[in-house]
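So you can see what is in the structure, the chains are spelled out below.
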Amino acid sequence: MALCKDEEMNELLASIQRDGIDHFGLVERLIAAYPDDARLHFLRGSLLIGAGRAIEAHAALSRAVGLEPEFALARFQLGFFELTSGEPARALATWEPLDRLPADHYLALFVTGLRHLIRDAFDDAIAALTRGIAANTENPPLNHDIQLIVDECHRIAKGTGQASLVAETEETSATSFLLDQFASGTKH
Amino acid sequence: MKARRGGSSHGLKLLLVPPRVEASLWRRLRYEREVRCRELLFTRYRGLARATALRILRSRPRNGVTLEDIEQFAYEGLLVAIDRYDPLRGVPFGAYARRRILGNVVDGAARMNELDAQHHYRSRVERERLRSIADDQGQDALATLANLAADLAIGLLLEGTGLIEPDDGADRRPNAYESLAWRSLQHRLAQEVSRLPEREEAIIRQHYEHGVSFTYIAQMLEISKGRVSQLHAAALAKLRARVGHG
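So the sequences go chain by chain: X and Z.
When you number the first sequence by our numbering, it's gap-free, plus one each residue, and the end is 323.
When you number the second sequence by our numbering, it's gap-free, plus one each residue, and the end is 342.
This is chain X alone, in the form it adopts within the complex (with noise of 0.2 Å):
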């Protein structure tokens, strides 16, 4: 299976953040070259994600998943798409393979504090949360995104929540967490 060289990756990551580029074309034209490649295909479904293009970025997600099942991070975003998406049984089928991982990482402490979370259990996911972003040192935009949950939780259980969170913020995060996940060169 041929993967994407590390230049091509890098360069493609740095002319992401910048403006005034067709950034699909680049993602695309890459996908062309290496299809079987579960970053690109993560990256691309991250850039729909933050297009509104959300039919198109579930299928991309869940390629970089089928490529790749023990990429972690895309089957934590998949699960959270989902979850956003209202399909709480299919993020939770998608998450599980996530309870592999060591039970002090943080994906594996976020995916077991949302689980408390859509059982309104808003303590347990406090505590979790909470664990997985100081335990999380590799995607600090993740840890800003899961603090704004922890701070709704907070005022839910103070009973002044609100009921739309994800809407206002998670779609700025997406990208820029992915391309600190790929900064730090890792998958775990």
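It is possible that part of the hints are untrue.
Unchecked claim - Here are some chain X residues pointing at chain Z (derived, C-beta under 8 Å):
| hint | residue |
| --- | --- |
| 1 | 187 |
| 2 | 193 |
| 3 | 218 |
| 4 | 219 |
| 5 | 220 |
| 6 | 222 |
| 7 | 223 |
| 8 | 227 |
| 9 | 231 |
| 10 | 254 |
| 11 | 257 |
| 12 | 260 |
| 13 | 287 |
| 14 | 291 |
Honestly, the hints are just simulated from the structure, not real lab data.
Think of the CB as a built atom: it goes at the ideal place given N, C-alpha and C, for glycine as much as any other residue.
Dock chain Z against the given chain X, drawing on the hints supplied.
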């Protein structure tokens, strides 16, 4: 486990992104053949169809056409729009559907003027209901009559139950002068509806809450009109048994 309408937890609601939720319905309907999503989309946009029907009715001479008739054309237009819409083209469904609903209502109203009263929604729906529940009864004439009467009464109760808030904001719940027993019965009936099997619940809700005829419910659920009729009868029989012996 049956997914309940409006049954999302507070925690999940916190995370939902409305455009994604809608995109998920389209994805599952188009690419994963999840038929139930057609009904969910229909329910989501039913208000648009009704509002369009009302606007047309107000802007034209009635010629004996009722709002209920016009609504059926609007629902038909909405279903056609759901089936033809391409969610990947980036056009919002509401804008796409509005034109189709409008066209369908205008065409339907023109056709309607040429038909006699027997085609009107109200008489048609009553015939459909009666046929549905009459076909389901056994041989004993007296028992059949009793069951028919009970099923028709349940139908009337369901119509007035206000299982959900009506679009026009009117409060159709029984007022203070109506009996406690009646209110209690309607409340129990509403609870029992939510305990029905998914397809039967969908039929009862779409028909009695939303006034959708069997024809369009059949289209929505991708089953025959005869099957809708059978499931309608089965649902009423369950409601009769549960409410009657509660």
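Hints and how they fare:
Annotation: residue 187 (chain X) was flagged as interfacial toward chain Z, and the flag holds, the nearest CB pair being 6 Å apart, inside 8 Å. The criterion of a C-beta within 8 Å of any C-beta in chain Z is met by residue 193 (chain X), whose closest approach is roughly 6 Å, and the hint holds. The beta carbon of residue 218 (chain X) comes within 6 Å of a beta carbon in chain Z, closer than 8 Å, and the hint placing it at the interface holds. The beta carbon of residue 219 (chain X) comes within 5 Å of a beta carbon in chain Z, closer than 8 Å, and the hint placing it at the interface holds.
This hint holds: residue 220 (chain X) has a C-beta 4 Å from the nearest C-beta of chain Z, less than the 8 Å allowed. Taken as an interface hint, residue 222 (chain X) checks out: its beta carbon lies about 6 Å from the nearest beta carbon of chain Z, inside 8 Å. Annotation: residue 223 (chain X) was flagged as interfacial toward chain Z, and the flag holds, the nearest CB pair being 6 Å apart, inside 8 Å. The beta carbon of residue 227 (chain X) comes no nearer than 11 Å to any beta carbon in chain Z, farther than 8 Å, and the hint placing it at the interface is violated.
For residue 231 (chain X), the interface hint is violated, the least distance from its beta-carbon to any beta-carbon of chain Z being 17 Å, above 8 Å. For residue 254 (chain X), the shortest C-beta to C-beta distance to chain Z is roughly 7 Å, which falls under 8 Å, so the interface hint holds. Checking residue 257 (chain X) against chain Z by beta carbon gives a least distance of about 7 Å; that is within 8 Å, so the hint holds. At its closest, the beta carbon of residue 260 (chain X) sits 7 Å from a beta carbon of chain Z; the interface hint therefore holds under the 8 Å criterion.
For residue 287 (chain X), the shortest C-beta to C-beta distance to chain Z is roughly 6 Å, which falls under 8 Å, so the interface hint holds. For residue 291 (chain X), the suggested interface contact is upheld, since its CB lies about 6 Å from the closest CB of chain Z, less than 8 Å.
Of the hints listed earlier, those the structure fails to meet are numbers 8 and 9, in rising order.
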